[in-house]
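> Single-letter residue listing:
There are 2 protein chains.
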Amino acid sequence: MLELRTNRGREGGPGARAKIWTVSETTADTTGQQPPARRGAAYDSAFLRACRREPVPHTPVWFMRQAGRSLPEYLKVREGIPMLESCMRPELVKEITLQPVRRHKVDAAIFFSDIVVPLKAIGIDVDIKPGIGPVIADPIRTAEDLKRLRNLEPDDVPYITEAVGLLVDELGSTPLIGFAGAPYTLASYLVEGGPSKNHENTKAMMYGQPELWAELVDRLADITSAFLKVQIEAGASAVQLFDSWVGALAPDDYRRSVMPASTKVFDAVAGYGVPRIHFGVGTGELLGLMGQAGADVVGVDWRVPLNVAAERVGPGKALQGNLDPAVLFAPTHAVETKAREVLHAAQAIGSSGHIFNLGHGVLPSMDPDALSRLVAFVHEASAR
Amino acid sequence: MLELRTNRGREGGPGARAKIWTVSETTADTTGQQPPARRGAAYDSAFLRACRREPVPHTPVWFMRQAGRSLPEYLKVREGIPMLESCMRPELVKEITLQPVRRHKVDAAIFFSDIVVPLKAIGIDVDIKPGIGPVIADPIRTAEDLKRLRNLEPDDVPYITEAVGLLVDELGSTPLIGFAGAPYTLASYLVEGGPSKNHENTKAMMYGQPELWAELVDRLADITSAFLKVQIEAGASAVQLFDSWVGALAPDDYRRSVMPASTKVFDAVAGYGVPRIHFGVGTGELLGLMGQAGADVVGVDWRVPLNVAAERVGPGKALQGNLDPAVLFAPTHAVETKAREVLHAAQAIGSSGHIFNLGHGVLPSMDPDALSRLVAFVHEASAR
Numbered sequence: 264m265l266e267l268r269t270n271r272g273r274e275g276g277p278g279a280r281a282k283i284w285t286v287s288e289t290t291a292d293t294t295g296q297q298p299p300a301r302r303g304a305a306y307d308s309a310f311l312r313a314c315r316r317e318p319v320p321h322t323p324v325w326f327m328r329q330a331g332r333s334l335p336e337y338l339k340v341r342e343g344i345p346m347l348e349s350c351m352r353p354e355l356v357k358e359i360t361l362q363p364v365r366r367h368k369v370d371a372a373i374f375f376s377d378i379v380v381p382l383k384a385i386g387i388d389v390d391i392k393p394g395i396g397p398v399i400a401d402p403i404r405t406a407e408d409l410k411r412l413r414n415l416e417p418d419d420v421p422y423i424t425e426a427v428g429l430l431v432d433e434l435g436s437t438p439l440i441g442f443a444g445a446p447y448t449l450a451s452y453l454v455e456g457g458p459s460k461n462h463e464n465t466k467a468m469m470y471g472q473p474e475l476w477a478e479l480v481d482r483l484a485d486i487t488s489a490f491l492k493v494q495i496e497a498g499a500s501a502v503q504l505f506d507s508w509v510g511a512l513a514p515d516d517y518r519r520s521v522m523p524a525s526t527k528v529f530d531a532v533a534g535y536g537v538p539r540i541h542f543g544v545g546t547g548e549l550l551g552l553m554g555q556a557g558a559d560v561v562g563v564d565w566r567v568p569l570n571v572a573a574e575r576v577g578p579g580k581a582l583q584g585n586l587d588p589a590v591l592f593a594p595t596h597a598v599e600t601k602a603r604e605v606l607h608a609a610q611a612i613g614s615s616g617h618i619f620n621l622g623h624g625v626l627p628s629m630d631p632d633a634l635s636r637l638v639a640f641v642h643e644a645s646a647r
Numbered sequence: 264m265l266e267l268r269t270n271r272g273r274e275g276g277p278g279a280r281a282k283i284w285t286v287s288e289t290t291a292d293t294t295g296q297q298p299p300a301r302r303g304a305a306y307d308s309a310f311l312r313a314c315r316r317e318p319v320p321h322t323p324v325w326f327m328r329q330a331g332r333s334l335p336e337y338l339k340v341r342e343g344i345p346m347l348e349s350c351m352r353p354e355l356v357k358e359i360t361l362q363p364v365r366r367h368k369v370d371a372a373i374f375f376s377d378i379v380v381p382l383k384a385i386g387i388d389v390d391i392k393p394g395i396g397p398v399i400a401d402p403i404r405t406a407e408d409l410k411r412l413r414n415l416e417p418d419d420v421p422y423i424t425e426a427v428g429l430l431v432d433e434l435g436s437t438p439l440i441g442f443a444g445a446p447y448t449l450a451s452y453l454v455e456g457g458p459s460k461n462h463e464n465t466k467a468m469m470y471g472q473p474e475l476w477a478e479l480v481d482r483l484a485d486i487t488s489a490f491l492k493v494q495i496e497a498g499a500s501a502v503q504l505f506d507s508w509v510g511a512l513a514p515d516d517y518r519r520s521v522m523p524a525s526t527k528v529f530d531a532v533a534g535y536g537v538p539r540i541h542f543g544v545g546t547g548e549l550l551g552l553m554g555q556a557g558a559d560v561v562g563v564d565w566r567v568p569l570n571v572a573a574e575r576v577g578p579g580k581a582l583q584g585n586l587d588p589a590v591l592f593a594p595t596h597a598v599e600t601k602a603r604e605v606l607h608a609a610q611a612i613g614s615s616g617h618i619f620n621l622g623h624g625v626l627p628s629m630d631p632d633a634l635s636r637l638v639a640f641v642h643e644a645s646a647r
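Heads up: the sequence lines are chains A and B, in that order. Take 264 as the starting number for the first sequence in my numbering and just add one per residue. Take 264 as the starting number for the second sequence in my numbering and just add one per residue.
For chains that are exact copies, the list does not tell them apart, and a pair is met inside one copy or across any two.
Listed below are the simulated DMTMM-like cross-link pairs for lysine to aspartate or glutamate, each with C-alpha atoms no more than 25 Å apart in a straight line:
id, residue 1, residue 2
1, K460, E599
2, K460, D632
3, K460, D630
4, K383, E354
5, K460, E604
6, K392, E463
7, K410, D390
8, K460, D377
9, K460, D390
10, K383, E496
11, K383, D401
12, K383, D485
Derived by calculation from the structure, the hints in this document are not laboratory data.
Only chain A is shown next, with the shape it has when bound in the complex (with noise of 0.2 Å):
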């Protein structure tokens, strides 16, 4: 069984040269009940065969975040530039996501961008401050306010598809990870108007105006759900979702208000086969509901070992971590010695499944060289 499909021809552009995914033998359901899985050039690569919990030569390593401000090569290319602004010149995104792979020798490159692209793209008024980070000009708090979330369109975003399919055309064999926000961290930032400590307006709406909150996580997951499908359909071979501040909910909450809308995000994207990562920082609570809601891959912060991950999230889910990012500040053998804790603690997934990563992005203090010599450490101490 074979199936050609020719994704980003139908758009046109710079990027839009046919690309040929085949249907994986092994995960092909001629019952029609499974999509098929896409043969991309990346397919066989360590990163989507961990996705898959399949053997690997060598645990995966990437890094959240590794495309950014760390890198004095992305200071460069930045210079002068906003930072919305960088996110719609396709070159520059391009740019500025390969330079990790470039550099740091990872095993997937993830998209630079940011999780308030496509609330821009629909005619939010957001912009990202330095030292700040998103600031919405009018926060939506009331029915009315809902009536700015349109629906998200392709054409509203032509160049993350150009800039993926860029990424792809260069990439080759190394996958490339698109991404979104999910729903709750979104609708932290458009009811607080920007980065908040305790969430107090978006709680007050959650607690108190229940429908008014279902609607807004509701609406918001179909826009996370269409920037999601754009990034596969250019050539994104996995999407993460990053409900970065879901911590703040106690599991009780996260069930009966979060999850269902990111599980209709995950739900949206099912079908295209493509490994679905969902990552929170603090959610050790949440790890299993944030399983179900459909990731393939859970990522965990560095405060649940591994182990104890695996336990919460249960089988038949691959983890992605979980490495404290502040050890990168320590010396080189403090760096490995915690690295091969980690390592150590996946064990108990199995001999697949894993895919190493910090705990949380990487800071921007961060030695660059250090995070270099990590991702040759883990090659090496992983390798089957």
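Assemble chain B onto chain A, guided by the hints.
Frame of chain A; chain B shown alone:
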């Protein structure tokens, strides 16, 4: 068996009337191996009974940071007085500590102070900057720096002894909770030089210079122990050790690098027989270890349901918590629904051994009336 002790009489000064403690007949141990528990005027209060897991007429309730910025009467008396200076004025400390007891009818008073007060008292150049937090002029990062951390003597903090004395006289049967910062949290401020999101320098020392780190937290354990002893000797009938930021650590790191110092603190005050409470934010994975360090009561943030916390902490300890503070921004009916969920989850501990609290501190923007209503609701809903 009866013992008379005159504690504050030794110090002399304004609050120096003799205080009489008697040995609890239920906990007296004639072998001398167990310290006698004192019977102050508050001994049979609902709060202290709950700490000892004895039957209570209602679930006792108090709020972390109840004395402070959410109260207009607090803002009024603090006007023009810097934070640390206000901690050194016994009459002002008394007034601020009493304000929430008067207003909310909480079951315990928490001593108005700050975790950096003992550091200031031994000569560390520290200030609390509004909107930032504690700022240390010269961070502690080398063996040489450690020499600046001398032991704390009671004479360094006469204003603490005096303020506690004034308060105990005034509070009568309402217990006063003394408190201190735990070694990890104090160390993080000293090493970083102030509040820090990622604790880079702290962890670099912990991972990279484990002996220096161990010496640092050991010294802080001694200072903290001395600070708690002063408060207990002056009449505090319980103590809370705040390890606010220890949730930044994975369990293995806590066990290796922090737990010995925290244990030293709890051991140092074990002889007084007053309940020892331990609390940190985001400590779901650490609850069992924090209990093992020597706490009689384990504080739980709102992320971990109390029935789950009870399993992790194990038998023989009371729990304190854990309403999400942000719930207070929702309408009263939502607050009461969530408070009822906390009381319900607490039933897993049994009919006693639960102290109702928020899962973190009172926020400055909270409506004080909402807090007062919550106290009344908890009392009524939990009446036995």
